[in-house]
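Chemist: Each chain, written out:
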Amino acid sequence: RKEVEQDPGPFNVPEGATVAFNCTYSNSASQSFFWYRQDCRKEPKLLMSVYSSGNEDGRFTAQLNRASQYISLLIRDSKLSDSATYLCVVNDDYKLSFGAGTTVTVRA
Amino acid sequence: EAQVTQNPRYLITVTGKKLTVTCSQNMNHEYMSWYRQDPGLGLRQIYYSMNVEVTDKGDVPEGYKVSRKEKRNFPLILESPSPNQTSLYFCASSLRLGLGYEQYFGPGTRLTVT
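Line order of the protein sequences matches chains A and B. Residue 15 in this note's numbering sits at position 15 of the first sequence, with consecutive numbering throughout. Residue 1110 in this note's numbering sits at position 110 of the second sequence, with consecutive numbering throughout.
These are computed hints drawn from the structure, not numbers from a lab. It is possible that part of the hints are untrue.
Derived SDA-like pairs: lysine to any residue, alpha-carbon spacing no greater than 25 angstroms straight-line [stated by the list, open to error]:
#1 K45/A to Y1010/B
#2 K42/A to R1009/B
#3 K42/A to P1008/B
#4 K45/A to K1017/B
#5 K2/A to N1026/B
#6 K1071/B to K2/A
#7 K42/A to E1053/B
#8 K95/A to T1114/B
#9 K1057/B to S1087/B
#10 K45/A to E1030/B
#11 K95/A to N1028/B
#12 K2/A to M1027/B
#13 K95/A to N1026/B
#14 K95/A to G1100/B
#15 K1057/B to L1011/B
#16 K45/A to L1097/B
#17 K42/A to Y1010/B
#18 K95/A to K1017/B
#19 K95/A to S1024/B
#20 K42/A to T1005/B
#21 K95/A to N1084/B
#22 K42/A to V1054/B
#23 K45/A to L1095/B
#24 K95/A to M1027/B
#25 K95/A to L1088/B
It should be emphasised that the depicted structure is a prediction, and the values quoted were computed from it without experimental measurement.
Only chain A is shown next, with the shape it has when bound in the complex (with noise of 0.2 angstroms):
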């Protein structure tokens, strides 16, 4: 079983729809979980970390289930350049495991 899992999509939604996904993770005693993003093969780049209590960073907001061992990202109203792929990263120790991330295009 891979340590961390995603749903690959494609979703392809329209401009303005809400688009949600999750991330699952094998490690119960995983210490820290981000959402990073990356376009068409460039480098990854931090999109946010998920705190236990979920937070929210304009249009996204992350949350983390650590019963069910999943962390979560909704994107609001979806503008053009949020078609990315984003990837779910855990940390365990001194390790960083991602997942092969999830493809969200946009269409207008």
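For this one, chain A is given, so just place chain B on it according to the hints.
Modeler: Just chain B now, with coordinates in the frame of chain A:
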């Protein structure tokens, strides 16, 4: 400008010819790491370093070597490259590891081994 640089950006080489991919960061970060990215598999960690002279294996270390003699540099060495090491490689650094600490990635090195 705060950044992570990698060189070369593109490399085509032949099986068995030793090569080094350099990585340098100018942010005085303690933690540095190398990843490879392959379609459908996501980023997989090759090696990481918590600080100078401290390195450890990630998930896929076979066929790779690293060193951390200075804080800013973390080269990746392929002593005898093979075609299954054809991949997109990223170097990354962060002040340390944990919530609130962002990993900064280099632009990537696209390696082809024939």
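Chemist: Indicate, hint by hint, whether the structure satisfies it.
Modeler: Evaluation of the provided hints:
1. A distance of roughly 21 angstroms separates the Cα atoms of K45/A and Y1010/B; the hinted pair therefore holds under the 25 angstroms criterion.
2. Taken as a hint, the K42/A and R1009/B pair is honoured in the structure, with Cα atoms around 12 angstroms apart against an allowance of 25 angstroms.
3. For the suggested pair K42/A and P1008/B, the alpha carbons sit about 15 angstroms apart, so the restraint of at most 25 angstroms is met.
4. Straight-line distance between C-alpha atoms of K45/A and K1017/B comes to about 32 angstroms, which puts the hinted pair past the 25 angstroms bound.
5. As the CA atoms of K2/A and N1026/B are separated by approximately 34 angstroms, the hinted pair breaks the 25 angstroms bound.
6. Proximity of K1071/B to K2/A is assessed by CA-CA distance (about 32 angstroms); at most 25 angstroms being required, the pair is judged violated.
7. Between K42/A and E1053/B the alpha-carbon distance is near 29 angstroms, which puts this suggested pair outside the 25 angstroms criterion.
8. A threshold of 25 angstroms between alpha carbons decides the hint, and for K95/A with T1114/B the separation of about 31 angstroms lies outside it, so the pair is violated.
9. With a CA separation close to 18 angstroms, the supplied pair K1057/B and S1087/B stays within the 25 angstroms bound.
10. Taking the CA atoms of K45/A and E1030/B, the gap is about 19 angstroms. The hint holds against a cut of 25 angstroms.
11. In summary, the hint linking K95/A to N1028/B is supported, as the alpha carbons are separated by about 20 angstroms, within the 25 angstroms threshold.
12. Between K2/A and M1027/B the CA atoms are separated by roughly 32 angstroms; this puts the pair beyond 25 angstroms, and the hint is violated.
13. For the suggested pair K95/A and N1026/B, the alpha carbons sit about 22 angstroms apart, so the restraint of at most 25 angstroms is met.
14. Restraint check for K95/A and G1100/B: satisfied, since their Cα atoms lie roughly 15 angstroms apart, inside the 25 angstroms limit.
15. Between K1057/B and L1011/B the alpha-carbon distance is near 24 angstroms, which keeps this suggested pair within the 25 angstroms criterion.
16. Among the hinted pairs, K45/A with L1097/B is consistent with the structure: their alpha-carbon atoms are about 15 angstroms apart, no more than 25 angstroms.
17. For the given pair, K42/A sits about 13 angstroms from Y1010/B by alpha-carbon distance, which is consistent with the 25 angstroms threshold.
18. About 30 angstroms separates the Cα atoms of K95/A and K1017/B, which puts this hinted pair outside 25 angstroms; it is violated.
19. Restraint check for K95/A and S1024/B: satisfied, since their Cα atoms lie roughly 20 angstroms apart, inside the 25 angstroms limit.
20. Restraint check for K42/A and T1005/B: satisfied, since their Cα atoms lie roughly 13 angstroms apart, inside the 25 angstroms limit.
21. For the hint pairing K95/A with N1084/B, the CA-to-CA distance comes to about 23 angstroms; that is within 25 angstroms, so the pair holds.
22. Under the criterion of a C-alpha separation no larger than 25 angstroms, the hint pairing K42/A with V1054/B is inconsistent with the structure, at around 28 angstroms.
23. Taken as a hint, the K45/A and L1095/B pair is honoured in the structure, with Cα atoms around 15 angstroms apart against an allowance of 25 angstroms.
24. The hinted pair formed by K95/A and M1027/B meets the criterion: a straight-line CA distance of about 20 angstroms does not exceed 25 angstroms.
25. In summary, the hint linking K95/A to L1088/B is supported, as the alpha carbons are separated by about 20 angstroms, within the 25 angstroms threshold.
Hint check: violations occur at hints 4, 5, 6, 7, 8, 12, 18 and 22; the rest are consistent with the structure.
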